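J.: Sequence:
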Amino acid sequence: MKKLLKYLVFASVVVSLWTIIWSSNATVSDQDLTWVFTPPDSTKTKEESSEELPFPFEDEGYPFSSSNQESPLFLEQPSNIKNSIEYNPETKQYEFTEKIGDFDYRRPNTMTLEEYKDYDFNKGIQDYWRQRVKGESFAHQKSLIPKLHIGGEVFDRIFGSNTIDIRPQGSAELIFGLNISKIDNPQLSERLRKTWTFDFQEKIQMNVTGQIGDKLKLATNYNTEASFEFENKMNLTYEGKEDEIIQKIEAGDVTLPLTGSLITGSQSLFGIKTELQFGKLTATSVFSQQKGKTQVIEVEGGAQTSYFEVYCDDYEANKHFFLSQYFRDHYNEALKNMPYINSEINITKVEVWVTNKTGNYEESRNILALMDLAEGQDNIYADNIVTQAGSGLPKNEINNLYEIITEDYEGIRNFNDITGILSPLTSSGFTGGQDYEKIESARKLTASEFKLNPRLGFISLNSSLNADEILAVAYEYTANGRTYRVGEL
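In terms of the numbering used here, the sequence shown opens at residue 23 and continues consecutively.
Please keep in mind that the hints were generated in silico from the structure rather than gathered at the bench.
Just so you know, these numbers come straight off a predicted model, no measurement behind them.
Built from N, CA and C at the ideal position, the CB exists for glycine as well.
There may be inaccurate statements among the hints.
What the hints assert, rightly or not - With a straight-line Cα cutoff of 30 Å, these simulated DSS-like cross-link-like pairs (lysine-lysine) come out:
1) Lys341 / Lys460
2) Lys473 / Lys371
3) Lys169 / Lys270
4) Lys255 / Lys225
5) Lys237 / Lys255
6) Lys263 / Lys302
7) Lys315 / Lys239
8) Lys239 / Lys295
9) Lys466 / Lys379
10) Lys371 / Lys466
11) Lys169 / Lys225
12) Lys104 / Lys121
13) Lys341 / Lys473
14) Lys371 / Lys358
15) Lys237 / Lys169
16) Lys255 / Lys295
17) Lys237 / Lys270
18) Lys239 / Lys270
19) Lys255 / Lys239
20) Lys237 / Lys302
21) Lys169 / Lys255
22) Lys371 / Lys341
23) Lys295 / Lys169
24) Lys104 / Lys139
25) Lys239 / Lys169
26) Lys263 / Lys295
27) Lys302 / Lys270
28) Lys341 / Lys358
29) Lys216 / Lys204
30) Lys239 / Lys302
31) Lys371 / Lys460
32) Lys114 / Lys139
33) Lys295 / Lys270
As the list claims (entries may be wrong) - Label pairs and their in silico Cβ distance ranges:
34) Arg152 / Asp265: 45 to 51 Å
35) Trp218 / Gln326: 49 to 55 Å
36) Thr277 / Phe198: 36 to 42 Å
37) Ile172 / Arg152: 31 to 37 Å
38) Gly455 / Tyr353: 27 to 33 Å
39) Thr505 / Tyr333: 34 to 40 Å
40) Thr316 / Arg154: 46 to 52 Å
With these hints in hand, go ahead and build the complete structure from the sequences.
T.: Below is the structure:
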């Protein structure tokens, strides 16, 4: 009876275990690895080892498992432990061994061919992604240019070591193109209708860090698309040893910070900076070009106040004109004792004529403007024609140009014949657009369109004269009780 009861209990346990396994749909891994975990060596038994580490180190387990992860918290495997994989043709299996010298560190483990293929495939994927991660990490990046080793004691003595390390980083984009344009113009030859233009563009963003020995360092930042030139920086630094006279030499973008408030330092300098040491004496020198400036801004009542100086000829071009070169030469002399104006001239009449672009013909006339009229000997431009020139106050009689025009070429009174009548003078260099200009239907400016300074001899227009417009004047003035005239009024 007891035997029967024993068999029934045993059978019920087996059936229960089989039911649990079947209902859970548990699967067995295809990679059926067999290995034995050996406990760590110790001279104490478990009962004798009452002290345990708060964070115990677990055995590494199977070293060829793809699930093992390296942690920087644990030491690497000793170099005397060698792992190897060998194929056994008799068993047609791969044997994984760990040895210290000729002794097995662990019991060998085996894999079938299919298991080894899966293991090798998974290991390759893990190695690939691990290499990709290291490539993205700055600490594991390898330089494009390998380190160079220069032999010789002289190089080592100057730079501290014999190693040259250059690390370039960045990107360079070159764009090549060809622009072809074709114009179907029958007036052009077939060859000129099609043009070819080579298009070349470059986009470079580069950072270079280098070190020559232990003393010389290089840092360069260059970007072709930088908004400002000062964004591209370059710095070359040489640092000497503690007992050397030359402590530091910097070239390129340097700074000179000062701790005092009386004299402020500069931050944007381009040049050479040296730091020398003579015992307890330290000397710092800078030879540079300053790329920045300091500006003081005053804000009062929420508005910014700035003081600046602008000369009138910088913002009022083609508005102020001297009536003659004589007035230009004597301008500073006349204003020598301000506010007194030292001038014997008083202009009483003036006519100002300009090119008519308004279509107003109420005060219009055809005129001939002469460049050298009433100019002295030092200011004659057409010296081949105007030969009898004196000096002194401007007037028609100061040179012979007015006499030549009115007596020898009196036909110029007919406006349409001016060019033909004066054509013989072209051979002597007297040409239109240079020595004279005829203006058809020139407009006379009213007194409200300009201002006259009768003592200094200049006029100021209310509106600037355009580049394609001509200005001509005729005036009359008194000096020392006599009346002089320039031009015809």
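J.: Hints first: check each against the structure and report whether it holds.
T.: Comparing the hints with the structure gives:
Taken as a hint, the Lys341 and Lys460 pair is honoured in the structure, with Cα atoms around 21 Å apart against an allowance of 30 Å. Proximity of Lys473 to Lys371 is assessed by CA-CA distance (about 12 Å); at most 30 Å being required, the pair is judged to hold. Between the alpha carbons of Lys169 and Lys270 the distance comes to roughly 24 Å, so the proposed pair stays at or under 30 Å and holds. Straight-line distance between C-alpha atoms of Lys255 and Lys225 comes to about 17 Å, which keeps the hinted pair within the 30 Å bound.
Proximity of Lys237 to Lys255 is assessed by CA-CA distance (about 20 Å); at most 30 Å being required, the pair is judged to hold. With a C-alpha separation of about 15 Å, the suggested pairing of Lys263 with Lys302 holds against the 30 Å cut-off. About 28 Å separates the Cα atoms of Lys315 and Lys239, which keeps this hinted pair within 30 Å; it holds. Distance check on the hinted pair: Lys239 and Lys295 sit about 14 Å apart at the alpha-carbon level, within 30 Å; holds.
As the CA atoms of Lys466 and Lys379 are separated by approximately 12 Å, the hinted pair is consistent with the 30 Å bound. Between the alpha carbons of Lys371 and Lys466 the distance comes to roughly 13 Å, so the proposed pair stays at or under 30 Å and holds. Restraint check: the Cα-Cα separation between Lys169 and Lys225 comes to about 28 Å, which is no more than 30 Å; the hinted pair holds. Taking the CA atoms of Lys104 and Lys121, the gap is near 5 Å; set against the 30 Å cutoff, the hint holds.
The hinted pair formed by Lys341 and Lys473 meets the criterion: a straight-line CA distance of about 10 Å does not exceed 30 Å. A distance of roughly 26 Å separates the Cα atoms of Lys371 and Lys358; the hinted pair therefore holds under the 30 Å criterion. For a cut-off of 30 Å, the pair hint linking Lys237 to Lys169 stands: about 16 Å separates their Cα positions. For the hint linking Lys255 to Lys295, the alpha-carbon distance of about 15 Å falls within 30 Å, and the restraint holds.
For a cut-off of 30 Å, the pair hint linking Lys237 to Lys270 stands: about 9 Å separates their Cα positions. With a C-alpha separation of about 11 Å, the suggested pairing of Lys239 with Lys270 holds against the 30 Å cut-off. Only pairs whose Cα atoms come within 30 Å are accepted, and Lys255 paired with Lys239 is accepted, the gap being roughly 14 Å. For the given pair, Lys237 sits about 22 Å from Lys302 by alpha-carbon distance, which is consistent with the 30 Å threshold.
Taken as a hint, the Lys169 and Lys255 pair is honoured in the structure, with Cα atoms around 24 Å apart against an allowance of 30 Å. As the CA atoms of Lys371 and Lys341 are separated by approximately 20 Å, the hinted pair is consistent with the 30 Å bound. About 28 Å separates the Cα atoms of Lys295 and Lys169, which keeps this hinted pair within 30 Å; it holds. Between Lys104 and Lys139 the CA atoms are separated by roughly 22 Å; this keeps the pair inside 30 Å, and the hint holds.
Between Lys239 and Lys169 the CA atoms are separated by roughly 14 Å; this keeps the pair inside 30 Å, and the hint holds. As the CA atoms of Lys263 and Lys295 are separated by approximately 17 Å, the hinted pair is consistent with the 30 Å bound. A threshold of 30 Å between alpha carbons decides the hint, and for Lys302 with Lys270 the separation of about 16 Å falls inside it, so the pair holds. For a cut-off of 30 Å, the pair hint linking Lys341 to Lys358 stands: about 24 Å separates their Cα positions.
Taking the CA atoms of Lys216 and Lys204, the gap is about 4 Å. The hint holds against a cut of 30 Å. For the proposed pair Lys239 and Lys302, the alpha carbon gap of about 26 Å is at most 30 Å, so the pair holds. In summary, the hint linking Lys371 to Lys460 is supported, as the alpha carbons are separated by about 22 Å, within the 30 Å threshold. A threshold of 30 Å between alpha carbons decides the hint, and for Lys114 with Lys139 the separation of about 13 Å falls inside it, so the pair holds.
As the CA atoms of Lys295 and Lys270 are separated by approximately 8 Å, the hinted pair is consistent with the 30 Å bound. For Arg152 paired with Asp265, a C-beta distance near 46 Å keeps the hint of 45 to 51 Å intact. A C-beta distance of roughly 53 Å is found between Trp218 and Gln326, which places it inside the suggested range of 49 to 55 Å. At about 41 Å, the CB distance of Thr277 to Phe198 agrees with the hint of 36 to 42 Å.
At roughly 35 Å, the beta carbons of Ile172 and Arg152 sit within the given window of 31 to 37 Å. Distance hint for Gly455 and Tyr353: a CB-CB separation of about 28 Å, consistent with the stated range 27 to 33 Å. In this structure the hint that Thr505 and Tyr333 lie 34 to 40 Å apart at CB holds, the actual value being about 35 Å. Our hint of 46 to 52 Å for Thr316 and Arg154 holds, since their Cβ atoms are close to 50 Å apart.
Violation of the numbered hints given earlier is absent; every hint is satisfied by the structure.
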